[in-house]
Amino acid sequence: MTSSGSAMPRRPIRARIATQIQLATGGGGVTRLELFLDLVFVYAFLNVTNLMSENLNPRGLLQGALVVLLLWRCWISCAWLGNVIQLDRGLLPPIMVMLTTAILLISIAIPEAFTDQPGGLPGPLVFAISFLLVRLVVLVLATEAQRDSMHRRGSLLRAWTPVAGSASLLLLAALLPAHLPPSSNREQIRLALFLAATVVDYISTWNVGAGSWQVVSTRHWAERHSLIMLIALGETIISIGTSRGLVGDPPITWSVIGGSLLAIVIVAVLWWTYFDIARPAVEQALEQASGVARSLLGRDAYVLLHLPMIGGLILLSLGFKHGLSATEGTTAHDWDALSTVILYSGVGLYLLGLFALEWRSIRLAGRSPLLGIVLVSALLPLAIRLPVLGALALLAAATTSLVVADRTVFRRRHRSLHEVITPTEIQGTDITPKELFFDLVFVYTFIQVIVLMARQPSVVGLVHGLTVLALLWWVWCHYAWLGSAVRSESGPVRLAVLVIVALTLVLGLAIPQAFSHVSGGLPGPLIVVTCYLLLRILHISSFWLVARRNPGLRRKVLRAAVPAAVAVALLLYSVLAFPPADEPASISPIGTVLWVTAALVELGGGYLVGRTNWQIRSVEHWTERYALIILIAFGEVVISTGLAVADQPISGPVTIAITLSVLMLSTLWWVYFGIDAILGQRIIETRTGLAQWALARDAYTYLHLPMVVGLVSLAYGLRTTLALVADRPDAGSTPLGHVTLFGGVVVYLLADQLFWWRIQRPVRWVRVGGALLVATLTPATMPLPALWALGLLTTVSIGLVMIDSIRSTGLRRALYEPPTQTR
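By my numbering, the letter at position 48 of the sequence shown is numbered 48, and the numbering carries on one by one without gaps.
No lab work stands behind these hints: they were computed from the structure. As the structure is a computational prediction, the values presented were derived from the model and not from experiment. Idealized CB from N, CA, C, for every residue including glycine. Wrong hints could be hidden among the right ones.
Derived DEER-like restraints, expressed as beta-carbon distance ranges [as the list claims (entries may be wrong)]:
{"id": "1", "residue 1": "ALA293", "residue 2": "ARG617", "range": "34 to 42 Å"}
{"id": "2", "residue 1": "LEU534", "residue 2": "LEU600", "range": "17 to 25 Å"}
{"id": "3", "residue 1": "ILE798", "residue 2": "VAL199", "range": "37 to 45 Å"}
{"id": "4", "residue 1": "TYR573", "residue 2": "ASP300", "range": "56 to 64 Å"}
Just need the whole structure built from these sequences, with the hints factored in.
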């Protein structure tokens, strides 16, 4: 063979790989695959908070800061990659699954990043290798994608140097301390090496040149950063609810509820300050810039100045975690001056980052962020002398004054800024920030449903959890419809969202005790029912205000109120006439029947009110809302997966189980988002009038519920399975855990097929056969060790998706290939 012939095999392979990497276009937004990856960072940020909470001292805070810097570097790499490459095309989806697995392993290894636990793999080494895998894969993909552009390729090649340096230091930090003599200070050496690795890695942010930070799509870059801000805000909300653990046993008192409400007010104001002016103003400034100026602004305003805001929110989460666990007299001693400083410093750092962001992007100084920094700094000495509720109330008053100042003192300037940025706001995503903020609290409520099931590991407990889930779903559906009807971002609307989020948070606090009573606390069932009652009243009242000029619509409101009133009456009768005993097992069967009946009445009421009650204004908005809640459910499964092994060493079986879990979740994600979500939107857009409204009601409001039920059941099954694998790798799963693991997949697949059938497509026998196969394997695999059963289930899921993808290649090509502005 000639020399030219010997070179032939390599070039076609590389060419075929290159064709699988498609450069992004300028008008694309954030893909759902990126949203799936971003949800892992909720768990990552939670573990950073836990790391600092376990080591509440200067060293622990420094460790947490270094982990945040490295996590941010991982996320920025993935965000930039999604800005230049279409991540949902070709070979990229499987690679993104690998990155998601690596980031989840990073998150799980965070508690052991600096101090290894005996009995498993070296935690620092798992953290370092997973981090480097993310960084290297992103750089390889970016370099390959830009191989035809010598200028950009040169900038990217220069980025390899600091990464190589940081990789060496991180690996040295993971391996060297174990080989040092015991007399040496191993932890300080490891911390110093981590610090050096972080500094070297961040050098590339400045030194690789502005060309490497070229922003292809300003919309994508702005949306991606606003979403990670929402992710951090969501982590803060979860920290409020989980401040006293995830077992559901501590009593719920008025001080706990009061502290939680003050905390959610603080979070809501910080959310307001970013999304009111800063977010649209920075995006508009980025759109108006060009060339090197745009690259530098994209780097400075987003990569650098969003970091202190993220760090501030994580500090705030740490302060909430310590504060809300010290609201009772028996735990008040846990609240000290350092905790107060952390709490107030979190808000101060966030506002300082916000002030710098506005100055760098639009040269805006003064206004409310500067006022907030001054107030927080001035009030800190007083707050140190107060108990936790006093310190929270003082901080809530200081942050609320920012909104008041924007409406009074800075009203003229504030209004003029809104007039300038309004066009940018209209061009943004159809799902508004207030809706995303509302959805994030449901991550917490879904987690609490799993806690409720875990407190009652029985069939009855499963029924209780799914009943509460159905009621939560009905609340979410009605507010999703209301958000579609009311597109205003006015102050009263945002205030209403705050009230809704606060009520949902309190409801979530009480979910684990919804069918039991804990001595020394308020009755959990009554808290849940009262919050549900207030949420339904608020919804119907808002609906009435929307319909105040439409007599026909007002009649529909009254008709919709009937099943709601009946359901609430049944719930109130259950909690008042059949109060539960202190033991979770002592649940009245009649009370359970009344709860289930109330949920069925609510769900059945959707048909009683008729199809016209489900009319929608925007098909895209409607379908995106339901796609997002499915993503929220997937995020809850990811968090439950991580929490299952949170207190265990990172062993080989645990790593395998985590990898299998992510692979299985990715296949289920692909089942819905690969084709079905897109096709559902396309088909519903072709319908009009009553046919469209009926399809929106059936295919989305009703048939997405069993999908969520399947995912929540799967989350409980994975939590049980992974906990057993971490404790005894060769042990079999519990019967309930095994059934929910396999049954959750079956329910999800069948629900997706029903959704497909309702949008009037033929039955896909591959998916039906896959669901039946998983159902058949459920009893057959029960004697197997839990890890083997999980591996078999994952293998079947992968095989199902591969066969189905091959059979639907033509349909996928027809959906994806036509030019469109939606990515």
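Going through the hints against the structure:
Remark: the range hint 34 to 42 Å for ALA293 to ARG617 is upheld by a beta-carbon distance near 38 Å. A beta carbon spacing of about 22 Å between LEU534 and LEU600 agrees with the range 17 to 25 Å that was offered as a hint. In this structure, ILE798 and VAL199 meet the distance hint of 37 to 45 Å, their C-beta atoms being roughly 41 Å apart. TYR573 and ASP300 have their C-beta atoms about 60 Å apart, which keeps the hinted 56 to 64 Å range intact.
Violated hints are absent here; each numbered hint is respected by the structure.
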